[in-house]
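Protein chains in written order, with our numbering: chain A, 7 to 107; chain B, 226 to 816.
One or more of the hints may lead you astray.
Stated by the list, open to error - Only part of the chain A face toward chain B is listed, based on derived beta-carbon distances under 10 Å:
| # | residue |
| --- | --- |
| 1 | 31 |
| 2 | 43 |
| 3 | 67 |
| 4 | 94 |
No wet-lab data here; the hints were simulated from the structure.
We treat Cβ as the ideally placed atom computed from N, Cα and C, and that holds for glycine.
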Amino acid sequence: MDRGAVGMTHENGSWTREVQVVNPLGIHARPAGKICQTAGRFTSQIFLETEAGAVDAKSILDILTLAAPRGTRVCIRAHGPDAQEAVEAVAQLFVDRFGEE
Amino acid sequence: MARRVLYGIPVAAGIAVGRAHFLDRDWFARASYHPIAPDAVEKEQDRLRQAFAAAALDLERVLAAVPEDLRDHAAMVEAHLLLVRDRKLQEQALAAIAAQKINAEWALERAVAAVEATFTAIEDEYLRSRMQDIRQAAERVLGVLVGQAGAASMTQRGVLLARDLSPADLVEIDFAKVLALATASGGKTSHVGILARSLQIPAVVGVEGLDGTLAGELIILDGFHGRVLVDPDEDELARSTELAARFDDYQAVVLRSCHLPAQTRDGFQVQTLANIELFEEVVAVRDLGAEGIGLYRTEYTYMNRETPPSEEELAEQYLDLASIMAPQKVVIRTLDVGADKLTSALSHRREANPALGLRAIRYCLRHREVFRTQLRAILRASVVGNVHLLLPMVSGIEELVEVKKFYREVQRELAAEGVPFREDMPFGIMMELPSAVMTADVLAQEVDFFSIGTNDLIQYTLGIDRTNKDVSALYQPLHPAIVRSIKWVVDSGHRAGIDVCVCGELAADPFCVPVLLGMRVDAISLNPRSIPSIKRLIRQTTMEECDALLKQVMASQSVMRSNRLVREMIYRHVPDELLFSVSLLGEEVGG
């Protein structure tokens, strides 16, 4: 196992980072849109995993069905050429509360 | 049409009278659903693809029209655009055309229904209601299919009624013409409410029986009580006009007078402080007339990171806050979360019952380094302002003694290093566990102040998880057990000569504040938004009235009777609050 930037781990060709939903309303349409747009900029496959399962971070529909309220822990996982950057970029959205109060 | 009243959920205060304009977008209900011939599959699939493309183009146009200052709203429209562009919905619908030989409209409805089925299992009410976003996005596509796309328009001023309003609708509507609005769908948290509040337009959502037959009717929309009066009589019209004028006055007065002290008419003053979570809230604290910060929740800095914040990082925040607020006080509460709320660095194994687990002060006593770092940062800030230290979830005297021992140790370390701090920085505890309440007389000997956290106190005393909708109705702030608990803590504190503050939602509830005043609490700490109206309420009452009320409430054996007593008192002395405020006591209070 190999540690990269803050909280990132690298194993079997995939990068992961665990984050938490801290904005009060959870992942509703607006945050889901931001995740989907950010994920869409990378060629790697990117997944969001919770206890409920894993979804494609490039599909807003999928992200919405994840239904993650405040407090949910989400593991961001990516495989591919730009996986590390992709995980970092998506994680940053969570850290920034998706720009919400 | 005959006079009638429809009921819904009030989401934006105010009252307005006008002609109803019905915005008809219910294509799903009116589209034609029919099977198609096997050789028409490709043509039908093309029709659907083109409709998706056209709807996306249309939403791009709407997005470009969102004003600069509504960036949040633009993000909502953008989310709908992403939904229309999402491959999955389109692919499912295309597959349905081929597999079931049905027309594009029907296939789209099927695809949306399939997504809807996965949503019904979602527990979080707000997130479950986000299904609405998917349906609204699909409705744009359907609009193209049935040849009804295009902007929602209102040609003259009136009351806007709709089954539902999508973010795109909200951009296209000229709100200068909207006196009030009501929708058939939606709940407390819907974006219609958020927008209506920011535009100060009275609004009611989830109105039963709202449909197209109301178009053109004269309507009174009452955003206080969630009522839509259709074809009202002259009496009702006169009353609502008067109420509207009174509300305008009330709002103006409340804001204008928020910097006056919270003093009753007979001269009793209570300190009115703000609860904050982020440093940025200081602006609101200043603007809305708070006299200091009664509760600074420090958890946010600890979330979403691999390693806990450093002493420098925390000290910088606390120093900034203390110096900007000086000489007013800033009560800094130490970390009040459990392992479940922190990411990897501070967390460990999962707990079956986090609310009763290793959290708050218990967590800090187990993770001394985390606690030491925060205590040092708070002590360092004590020299630049009026800083108070507050410890959450203390359960009894042994725990308190242990905390104080450790606190002394940290103080000695700082002194040995030559770091300045105020040795007599006020040291207080949260009174939120029944065990602390019962031993308040003992604990009072050991601290400089009490802060009663009513949200947790109610939860732990009544054994109720408020977020569980099956029991949330049992959340009763004026339950005799709660009233007696608070009274006992206040009295125990005062007998020992220390100040008692009440923080939590109860302190922001106009119907509970007179009871707290009767108990002679020294301070209340509440969300900044509620401060202007609560200060005004305090200025309109007298301690004599509050004393009489408290006596009756203390003697009351039932919640229902207590609720009625406070309601009557408010009605007699500050009737505006009865009309214009929202209370924890339940729906019937405002009525």
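Evaluation of the provided hints:
no. : hint : in the structure
1   : 31   : holds (6 Å)
2   : 43   : holds (7 Å)
3   : 67   : holds (5 Å)
4   : 94   : violated (13 Å)
Hint 4 from the list above is the single one not met by this structure.
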